[in-house]
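Enquirer: Quick note, the sequences are listed as chains H and L, same order. Anchor point for the first sequence: position 264 equals 1343 in the working numbering, and the numbering is continuous, going up by one each time. Anchor point for the second sequence: position 198 equals 391 in the working numbering, and the numbering is continuous, going up by one each time.
One or more of the hints may lead you astray.
[As the list claims (entries may be wrong)] Calculated Cβ distances over 12 angstroms to all of chain H for the following chain L residues: (1) MET238; (2) SER433; (3) ARG448.
[As the list claims (entries may be wrong)] Here are the simulated DSS-like cross-link-like pairs (lysine-lysine), alpha carbons at most 25 angstroms apart as the crow flies: (4) LYS1455/H - LYS1399/H; (5) LYS1133/H - LYS478/L; (6) LYS1099/H - LYS461/L; (7) LYS1103/H - LYS468/L; (8) LYS1133/H - LYS1103/H; (9) LYS1241/H - LYS1312/H; (10) LYS1421/H - LYS1205/H; (11) LYS1099/H - LYS1133/H; (12) LYS1399/H - LYS1520/H; (13) LYS461/L - LYS1103/H; (14) LYS1312/H - LYS492/L; (15) LYS263/L - LYS212/L; (16) LYS1133/H - LYS263/L; (17) LYS217/L - LYS478/L; (18) LYS1241/H - LYS1147/H; (19) LYS1421/H - LYS1454/H; (20) LYS499/L - LYS217/L; (21) LYS1147/H - LYS1205/H; (22) LYS1121/H - LYS461/L; (23) LYS1121/H - LYS1099/H; (24) LYS435/L - LYS1133/H; (25) LYS1121/H - LYS457/L; (26) LYS1205/H - LYS1133/H; (27) LYS492/L - LYS217/L; (28) LYS1099/H - LYS457/L; (29) LYS1099/H - LYS499/L; (30) LYS499/L - LYS1133/H.
Since the hints were derived computationally from the structure, they do not count as laboratory data. From the three backbone atoms N, C-alpha and C, an ideal C-beta is built for every residue, glycine too.
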Amino acid sequence: MTDILMPALSPTMEEGTLSKWLIKVGDEISAGQVIAEIETDKATMEVEAVDEGKVEAILVDAGTEGVKVNTPIARLEGGASASPATVQAALEAAVAPAAEPVAAAAAVPKPEVRDPEFPEGTPMVKITVRDALRDAMAEEMRRDDAVFLMGEEVAQYQGAYKVSRGLLEEFGDRRVIDTPITEMGFAGIGSGAAMAGLKPIIEFMTFNFAMQAIDHIINSSAKTLYMSGGQIKSSIVFRGPNGAAARVAAQHSQDYSAWYANVPGLKVLAPYDAADAKGLLKAAIRDPNPVVFLEHEMMYGNEFEIPDVEDFVLPIGKAKIQRAGKDVTITAHSRMVGFALKAAEQLAAEGIDVEVINLRTLRPLDTATIIASVKKTNRLVTVEEGWGPCGIGAEVAARVVAEAFDDLDAPPLRVHQEDVPMPYAANLEAMVVPSVEKIVKAVKAVTYR
Amino acid sequence: MARAAKASDSGKKLSNVSKDELLKYYREMVLIRRFEERAGQLYGMGLIGGFCHLYIGQEAVAVGMEAASKDGDQVITGYRDHGHMLAAGMDPKAVMAELTGRAGGSSKGKGGSMHMFDIATGFYGGHGIVGAQVSLGTGLAFSDYYRQNGNVSFTYFGDGAANQGQVYESFNMAQLWKLPVVYVIENNEYAMGTSLARASATVNLSQRGASFGIPGETVDGMDVFAVKDAAERAAEHARSGKGPYILEMKTYRYRGHSMSDPAKYRSKEEVEEVKTTRDPIDHIKTMLQQAGVAEDEIKAIDADVKAIVLEAVEFAQTSPEPDPSELFTDIYTEA
Chain H
1080 MTDILMPALS PTMEEGTLSK WLIKVGDEIS AGQVIAEIET DKATMEVEAV
1130 DEGKVEAILV DAGTEGVKVN TPIARLEGGA SASPATVQAA LEAAVAPAAE
1180 PVAAAAAVPK PEVRDPEFPE GTPMVKITVR DALRDAMAEE MRRDDAVFLM
1230 GEEVAQYQGA YKVSRGLLEE FGDRRVIDTP ITEMGFAGIG SGAAMAGLKP
1280 IIEFMTFNFA MQAIDHIINS SAKTLYMSGG QIKSSIVFRG PNGAAARVAA
1330 QHSQDYSAWY ANVPGLKVLA PYDAADAKGL LKAAIRDPNP VVFLEHEMMY
1380 GNEFEIPDVE DFVLPIGKAK IQRAGKDVTI TAHSRMVGFA LKAAEQLAAE
1430 GIDVEVINLR TLRPLDTATI IASVKKTNRL VTVEEGWGPC GIGAEVAARV
1480 VAEAFDDLDA PPLRVHQEDV PMPYAANLEA MVVPSVEKIV KAVKAVTYR
Chain L
194 MARAAKASDS GKKLSNVSKD ELLKYYREMV LIRRFEERAG QLYGMGLIGG
244 FCHLYIGQEA VAVGMEAASK DGDQVITGYR DHGHMLAAGM DPKAVMAELT
294 GRAGGSSKGK GGSMHMFDIA TGFYGGHGIV GAQVSLGTGL AFSDYYRQNG
344 NVSFTYFGDG AANQGQVYES FNMAQLWKLP VVYVIENNEY AMGTSLARAS
394 ATVNLSQRGA SFGIPGETVD GMDVFAVKDA AERAAEHARS GKGPYILEMK
444 TYRYRGHSMS DPAKYRSKEE VEEVKTTRDP IDHIKTMLQQ AGVAEDEIKA
494 IDADVKAIVL EAVEFAQTSP EPDPSELFTD IYTEA
């Protein structure tokens, strides 16, 4: 015999009214047949039979109110369904309290991440950030046929900012692909290709346009490994210029660092100089996870020295002490690292010795390097181009307060974009973005000078 | 193999339908229906949570399409995905256990009804964002094109998703690059509670690719052989390098949009009419009878399917909940 139970018809239903029976004792019923109508607080719903058999008894009369979910409402003869006992056991299992959550996997010690070391006298070469990015892509494309570049104007036009110059010539149009202006579409195509095992580099002309595609970056790429129980890997890089450009106003000047750094499943990198650009982009392309790679338009033309070695790769998750100091720690990323270094020079002349940390990776954030620095300097200023609320600086400050509270000699201060959309007028724009002066002022404030 | 039925009632030319083929499709469709009925029951018992979208009524689409696919082809769909997974050959136990959120589920209990995957059978989800799977499926086709492996991506979406912008972004690129993708629009007439006519300026969805030059046809999605015939034409087109193809499947879902939808936006008579005159399983059952297949043979399949489904139900209830340590796994792949 098989009991028919009062079903839950919504995630929140606990009881309902059995308003009508459509069967009677002695009826032969089949799977899928509508047997009753049930009224919940929201609607009247039909109930279908799952088992076939002859109705032996109606256990709850039509019109009965307040019938609890899982109450037997009718009984069938014969049938070989899940017995009520099994059902009960299963229900108990379902409501059993969950065991205490275990500590985060992050608690498992991991080998320390280190920058590669180069012997004294390693030759250096001068290169722009733009060319360093290009070289990184070219080297990885030579190394692995699964790597390809896709985006607007990346091929024939050689890149809207000329970052992909020469790649079409070397790799052809199978691997360097011009797309229509269709961010959501090609971000989705890239995400799907990554699920199938390719290693796309998806270039956004700027990250402002990636807002049209952010669903694929987060819902399709960042979450799929988890949702699939580890089956579907997404080795994909979303890259392009991020942050403020010059005089392009609100819709073309936004720093998305905090947006992406908020999302588990993504790795988020923000290079400052040419070495970061090359070493981190190569690492990003090789990484088996989705990586958001935030470049800066106003850094593309800047030249830096990088070690002239084969296969220069930097570790993801490792910040760099860009300038050592003992009085104040400044954290910064991307173009703001340069601002922080300039501020540090000015402050040195006034006798304040600033340590500048180039964060490089925003997720996973290298908390250890930041905490070690603050334990030494006892003071923290964070700098970012984005808005302050819920920003990268807010996250750094929260971690420092949580892990080095007793080492702080002053409340941490944040330097960031003013809390307004980017204005167009030159004077207003200059007021909105972080400046060397604002950083100097913040450092003086935390040192009480 | 004995040559058996011709689909006399549908008037389709089915000169080469074997009895074995009939029995195979019958079994696959009945498996989906019985599985979904049980899923509905487990939902009613509180063993399945959240959203649960049943495929009952649409079985001929997934089964007929699968009949035209080859090893290596990919399948991707939206949130009404249980039927496609079973048709693709995924283990009913792993699917049902995912529905109950257990460790034995295909995503270890971390995905649920709308997020299941199985690389072994070429099933790439299971996507909860309406329309997202269209760009992703086009990306799967891009990978086939890039590798020149001769595979095809079968990308399913509903009449509701057919109005999403990214569908047309994908159509454009798929045709521009001649990607091997078959777009299968499962037109079950309702996007949740909104009928096609209330949401779409044009209701012939097979022609939604016309402005990109993508061929399309409307298919009786309640007739597994009509589906299979169309699927073969479409797959051949895509596989031979001619680019995408659109199949609009006229189908119907018997249940509400999800378990908590009483479906008040359509009449009982409308549902009853479809169930009694267009049911895809009744259709093939008639063909089996016409082919002279003994009732006992059909009953044996029914019993077999019931046992498979009950085994899945049992597994889905006895498989343990995921270990708490699983909370922090599968967020990143170790580099």
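Enquirer: Evaluate each hint against the coordinates.
Expert: Against the structure, the hints come out as follows:
Consistency note on MET238/L: stated as away from chain H, yet its beta-carbon is not over 12 angstroms from all of that chain's, at 6 angstroms minimum. Chain H leaves SER433/L outside its interface by the beta-carbon criterion, the shortest separation being 19 angstroms against a cut-off of 12 angstroms. Not every Cβ of chain H is farther than 12 angstroms from the Cβ of ARG448/L; the closest lies at roughly 8 angstroms, contradicting the non-interface assignment. The straight-line distance between the Cα atoms of LYS1455/H and LYS1399/H is roughly 16 angstroms, inside the 25 angstroms bound, and the hint therefore holds.
With a CA separation close to 23 angstroms, the supplied pair LYS1133/H and LYS478/L stays within the 25 angstroms bound. Straight-line distance between C-alpha atoms of LYS1099/H and LYS461/L comes to about 16 angstroms, which keeps the hinted pair within the 25 angstroms bound. Of the supplied pair hints, the one linking LYS1103/H and LYS468/L holds, its CA atoms being roughly 22 angstroms apart against a limit of 25 angstroms. Our distance criterion of 25 angstroms between C-alpha atoms is met by LYS1133/H and LYS1103/H, whose separation comes to about 10 angstroms.
Taking the CA atoms of LYS1241/H and LYS1312/H, the gap is about 30 angstroms. The hint is violated against a cut of 25 angstroms. For the hint pairing LYS1421/H with LYS1205/H, the CA-to-CA distance comes to about 21 angstroms; that is within 25 angstroms, so the pair holds. With a CA separation close to 19 angstroms, the supplied pair LYS1099/H and LYS1133/H stays within the 25 angstroms bound. A distance of roughly 24 angstroms separates the Cα atoms of LYS1399/H and LYS1520/H; the hinted pair therefore holds under the 25 angstroms criterion.
Proposed proximity of LYS461/L and LYS1103/H is supported: the alpha carbons are some 21 angstroms apart, at most 25 angstroms. Taking the CA atoms of LYS1312/H and LYS492/L, the gap is about 43 angstroms. The hint is violated against a cut of 25 angstroms. Simply put, LYS263/L and LYS212/L have alpha-carbon atoms about 21 angstroms apart, close enough for the 25 angstroms limit, and the pair holds. Proximity of LYS1133/H to LYS263/L is assessed by CA-CA distance (about 43 angstroms); at most 25 angstroms being required, the pair is judged violated.
With a CA separation close to 12 angstroms, the supplied pair LYS217/L and LYS478/L stays within the 25 angstroms bound. Simply put, LYS1241/H and LYS1147/H have alpha-carbon atoms about 67 angstroms apart, too far for the 25 angstroms limit, and the pair is violated. Taken as a hint, the LYS1421/H and LYS1454/H pair is honoured in the structure, with Cα atoms around 23 angstroms apart against an allowance of 25 angstroms. Restraint check: the Cα-Cα separation between LYS499/L and LYS217/L comes to about 15 angstroms, which is no more than 25 angstroms; the hinted pair holds.
Our distance criterion of 25 angstroms between C-alpha atoms is broken by LYS1147/H and LYS1205/H, whose separation comes to about 76 angstroms. At most 25 angstroms may separate the alpha-carbon atoms for a hinted pair to count; LYS1121/H and LYS461/L meet this at roughly 18 angstroms. A C-alpha spacing of about 17 angstroms is found between LYS1121/H and LYS1099/H, which places the hinted pair at or below 25 angstroms, so the restraint holds. Restraint check for LYS435/L and LYS1133/H: not satisfied, since their Cα atoms lie roughly 56 angstroms apart, outside the 25 angstroms limit.
With a CA separation close to 12 angstroms, the supplied pair LYS1121/H and LYS457/L stays within the 25 angstroms bound. Among the hinted pairs, LYS1205/H with LYS1133/H is inconsistent with the structure: their alpha-carbon atoms are about 86 angstroms apart, more than 25 angstroms. In summary, the hint linking LYS492/L to LYS217/L is supported, as the alpha carbons are separated by about 14 angstroms, within the 25 angstroms threshold. Of the supplied pair hints, the one linking LYS1099/H and LYS457/L holds, its CA atoms being roughly 17 angstroms apart against a limit of 25 angstroms.
For the hint pairing LYS1099/H with LYS499/L, the CA-to-CA distance comes to about 28 angstroms; that exceeds 25 angstroms, so the pair is violated. Pair hint LYS499/L plus LYS1133/H holds up; C-alpha atoms about 17 angstroms apart against a cutoff of 25 angstroms.
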